[in-house]
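Protein chains in written order, with this note's numbering: chain A, 86 to 385; chain B, 490 to 883.
If you are wondering where the hints come from, they were derived from the structure by calculation, not from laboratory data.
Certain hints may be false.
[Stated by the list, open to error] Derived DSS-like pairs (lysine-lysine); straight-line CA-CA distance at most 25 Å: (1) Lys90(A) with Lys551(B); (2) Lys338(A) with Lys779(B); (3) Lys740(B) with Lys725(B); (4) Lys138(A) with Lys124(A); (5) Lys629(B) with Lys719(B); (6) Lys174(A) with Lys153(A); (7) Lys629(B) with Lys221(A); (8) Lys338(A) with Lys359(A); (9) Lys740(B) with Lys294(A); (10) Lys221(A) with Lys174(A); (11) Lys294(A) with Lys757(B); (12) Lys733(B) with Lys719(B); (13) Lys330(A) with Lys779(B); (14) Lys294(A) with Lys733(B); (15) Lys173(A) with Lys221(A); (16) Lys314(A) with Lys330(A); (17) Lys246(A) with Lys221(A); (18) Lys629(B) with Lys174(A); (19) Lys173(A) with Lys629(B); (20) Lys648(B) with Lys153(A); (21) Lys314(A) with Lys757(B); (22) Lys130(A) with Lys153(A); (23) Lys338(A) with Lys314(A); (24) Lys241(A) with Lys221(A); (25) Lys153(A) with Lys124(A); (26) Lys347(A) with Lys629(B); (27) Lys779(B) with Lys353(A); (28) Lys648(B) with Lys138(A).
[Claimed, not checked] Negatives, chain A to chain B, calculated, CB over 10 Å: (29) Arg216; (30) Arg222; (31) Gly249.
The beta-carbon is built from N, C-alpha and C at its ideal position, and this holds for glycine as well.
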Amino acid sequence: MRTLKINLIILITLLSITILLSLFTVTEGQQALLLQLDKIVVQSKTGKAIIYKPGLHIRVPFLQSVRKFDTRLQTLDIQSSRIVTAEKKDVIVDCYVKWRISDLPLYFTRTGGNSQEAEILLEQQINDSLRAEFGKRTIAEVIADDRASIMESLNKQTNAKAQGLGLDIIDVRVKRIDLPSEVSAAVYERMRAERERVASEHRAQGRAKAEAIRANADASATITVATAKADAARIRGEGDAEAAKVSTDAYSKDPNFYAFFKSISAYKQVFDEKNDVLVLKPDSQFFKYFNNPQEQAASK
Amino acid sequence: MSKWNIQRKEGNGQDPWTGKPRPQKPPELEEIFRNFSRRLIALLMPMKGTANTGGRGTPEHKHMVVIIFGFIATLLFLIWLLMGLFIVGPAEKAVILRFGRYVSMVGPGPHWIPRFIESSETVNIQKVSTYSYESQMLTKDANIVSVALAIQYRVIDPKEFFYNIVAPRESLQQATASALRQVIGRTSLDSVLTLGRDQVRQEVRVELESILARYHAGLLITDVALQSAKAPEEVKEAFDDAIKAQEDEQKIENQAQAYAMQVEPTAKGQAQRLLADAQAYKQQVVLQAKGETAQYMAMLPQYQAAPTITRTRLYMDAMQSVFQHTRKVLVNIAGSNNVFYIPLDKMMNRENSSEVSASNNALSGDSKIDASNPSGANTLNLNSSNDKNNQGGY
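Sequences are here, hints too, so could you generate the full structure?
And the structure:
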């Protein structure tokens with residue numbers, strides 16, 4: 086009886102161990118394959134592999150084993166590689182791939198369930214495709230216009246390859262397209278020259294505008310002054326005319342006397358300087374009495 | 490039992506191997522433990538127990554076993570119960586998995602789950618995280634620009650966040666880099682630096698959201714901020730100078746404006762002056778004419794009354810005035826066309842020394858004064874004087 090009890094205890098223990106071993110859980114984000122002697126167990130009816138979704142499952146202990154796989158979206162980061170564009174210039178390209186396992190049995194068969202292996206295969210494919218796509222395009226196209234279409238065709242090509250590995254490519258994205266450092270220096274040089282051009286353009290424009298403003302100002306000043314001069318001349322002319330009219334009106338009353346009057350006042354004005362020297366003959370009317378005070382009514 | 494105790498006693502105080510005295514530590518705890526384990530062994534291994542004691546199988550003993558097992562089981566159960574308790578914070582959500590499989594999502598508050606069967610993972614779904622990305626990149630026109638971008642995001646779907654993607658935050662960072670570079674790559678440098686900034690920001694956001702939608706990362710972009718977009722350090726100087734040039738342009742223009750502001754009023758002033766001068770001239774000339782004619786008009790009746798007398802008087806007055814103010818050389822030769830020399834330049838210079846003798850000679854009319862004229866045929870009458878006294882003598 087006692088032996089029976091012991092046996093019972095042993096049996097229960099073994100049974101619970103067996104149950105524990107035959108139970109297994111698959112967590113969210115995972116899927117599991119049932120393996121028997123490292124080979125995929127196939128459902129007898131459908132001929133398809135048994136794939137376990139998240140939850141609690143049972144297997145045959147010892148004989149069957151379970152491989153769990155992360156079926157979440159994974160990232161393959163492809164570090165900078167130098168790639169030649171159509172104009173034989175190098176660019177440095179970074180990209181990454183978002184992939185996940187889509188066909189678990191196929192994935193297991195092709196890669197042995199080793200994600201590193203899968204990533205190496207993918208990386209090779211991406212590198213090939215990248216080189217092909219970049220080789221067809223110039224740097225300008227690669228950077229600006231064709232970026233999206235490059236990514237699209239990378240996506241397509243990689244997906245084709247990945248399907249064969251039981252993978253799904255969600256996204257292939259080019260992260261970085263940069264110029265090598267020695268080319269960057271040239272770019273900086275060009276940018277600097279470009280800025281210098283802009284700077285001198287601005288300054289020249291400033292000078293041009295300034296010159297125009299100055300010229301306009303000068304022109305309008307000149308015109309103003311010239312107009313004023315013209316007006317002034319007219320006014321002066323008017324003055325002269327009026328003065329002439331005044332004179333004429335007056336002098337026309339006796340032209341004879343005017344001639345005399347004007348002459349003598351002119352003499353007075355003209356010979357006004359001490360330094361003026363007059364060389365005279367004493368035969369003018371002024372000197373009539375100069376040499377012969379007795380003479381009456383000299384005819385001169 | 491007694492055997493154990495005896496052995497214990499024998500060994501007490503001395504090391505059983507070396508025979509040296511042991512450190513006298515009170516063995517109470519050890520003792521208790523030993524007793525307990527012995528009992529346990531006795532319970533679990535009835536065979537040995539029988540051999541040793543023979544006190545097995547009594548109802549008393551069975552009762553003990555039940556109590557101990559019950560105690561342990563209760564303790565474990567309580568621990569298990571306590572382990573199942575967890576609290577979800579006010580801004581958090583928890584995902585509950587049963588045997589690894591998603592069953593539900595619970596909100597803030599205390600919760601209980603049966604451990605080992607269910608598990609939970611908690612995440613804050615309100616806290617906004619920030620990720621900054623700064624780098625140099627190529628623009629559409631193959632220039633290099635240095636851009637800093639900040640992404641604000643939060644977890645919106647814990648299930649996707651935990652179970653759909655490996656490293657969701659890193660994925661966001663990669664997507665950010667890719668989206669930003671793509672958008673900058675199709676924008677020109679000028680645009681990035683100036684007006685296109687907001688557009689860049691929006692395009693990055695749209696791009697990023699579409700990428701994340703594909704990944705189902707359970708993240709929500711709440712804001713994208715373009716923190717800075719500037720020329721790289723290497724060319725900063727040239728860019729600064731270009732900006733300065735714009736200001737210079739303005740400055741030069743303003744200086745010209747200032748010049749214009751100065752020149753035009755000056756010209757207007759000048760014009761005013763010219764016109765005023767002209768007006769003044771006009772007035773002056775007319776008034777002058779009037780003045781002149783006034784004298785004339787005044788004289789005219791006198792002249793008409795006695796023409797000869799008035800004429801002579803006027804003439805004589807005028808001549809007197811003329812001769813009074815000038816130097817005079819009277820050449821008293823009638824009808825002669827001989828050449829003679831007058832030292833005009835000397836006369837000009839001689840201001841004060843008056844040639845009285847010459848004038849006297851001139852009066853006498855027979856003095857030769859020119860030595861350089863040896864022919865001697867000419868008689869000169871020189872009167873060079875500004876002296877009224879001299880003149881008064883005539």
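Tested hints:
1. Lys90(A) with Lys551(B): The hint holds at about 15 Å.
2. Lys338(A) with Lys779(B): 15 Å, holds
3. Lys740(B) with Lys725(B): Given pair Lys740(B), Lys725(B) holds - Cα atoms ~22 Å apart, limit 25 Å.
4. Lys138(A) with Lys124(A): 19 Å, holds
5. Lys629(B) with Lys719(B): Since the Cα atoms of Lys629(B) and Lys719(B) sit roughly 15 Å apart, the hinted pair holds (cutoff 25 Å).
6. Lys174(A) with Lys153(A): 46 Å, violated
7. Lys629(B) with Lys221(A): 18 Å, holds
8. Lys338(A) with Lys359(A): Violated. Lys338(A) to Lys359(A) sits at ~36 Å, over the 25 Å cutoff.
9. Lys740(B) with Lys294(A): Holds, at roughly 11 Å.
10. Lys221(A) with Lys174(A): With a Cα-Cα distance of about 12 Å, the restraint between Lys221(A) and Lys174(A) holds, given a limit of 25 Å.
11. Lys294(A) with Lys757(B): Status holds; Cα separation ~23 Å.
12. Lys733(B) with Lys719(B): 16 Å, holds
13. Lys330(A) with Lys779(B): 10 Å, holds
14. Lys294(A) with Lys733(B): 17 Å, holds
15. Lys173(A) with Lys221(A): 10 Å, holds
16. Lys314(A) with Lys330(A): 24 Å, holds
17. Lys246(A) with Lys221(A): 21 Å, holds
18. Lys629(B) with Lys174(A): 17 Å, holds
19. Lys173(A) with Lys629(B): Holds: Lys173(A) and Lys629(B) sit about 19 Å apart, inside 25 Å.
20. Lys648(B) with Lys153(A): 19 Å, holds
21. Lys314(A) with Lys757(B): Between Lys314(A) and Lys757(B) the Cα gap is close to 12 Å, so the pair holds against 25 Å.
22. Lys130(A) with Lys153(A): Satisfied, since the Cα-Cα distance of roughly 23 Å is no more than 25 Å.
23. Lys338(A) with Lys314(A): Violated - the C-alpha atoms of Lys314(A) and Lys338(A) are around 36 Å apart, more than 25 Å.
24. Lys241(A) with Lys221(A): 17 Å, holds
25. Lys153(A) with Lys124(A): Given that 25 Å is the threshold and the Cα spacing comes to 14 Å, the pair holds.
26. Lys347(A) with Lys629(B): 93 Å, violated
27. Lys779(B) with Lys353(A): 19 Å, holds
28. Lys648(B) with Lys138(A): With a Cα-Cα distance of about 16 Å, the restraint between Lys648(B) and Lys138(A) holds, given a limit of 25 Å.
29. Arg216: 19 Å, holds
30. Arg222: 13 Å, holds
31. Gly249: Consistent with the label, Gly249(A) stays out of reach of chain B, its closest Cβ about 22 Å off (over 10 Å).
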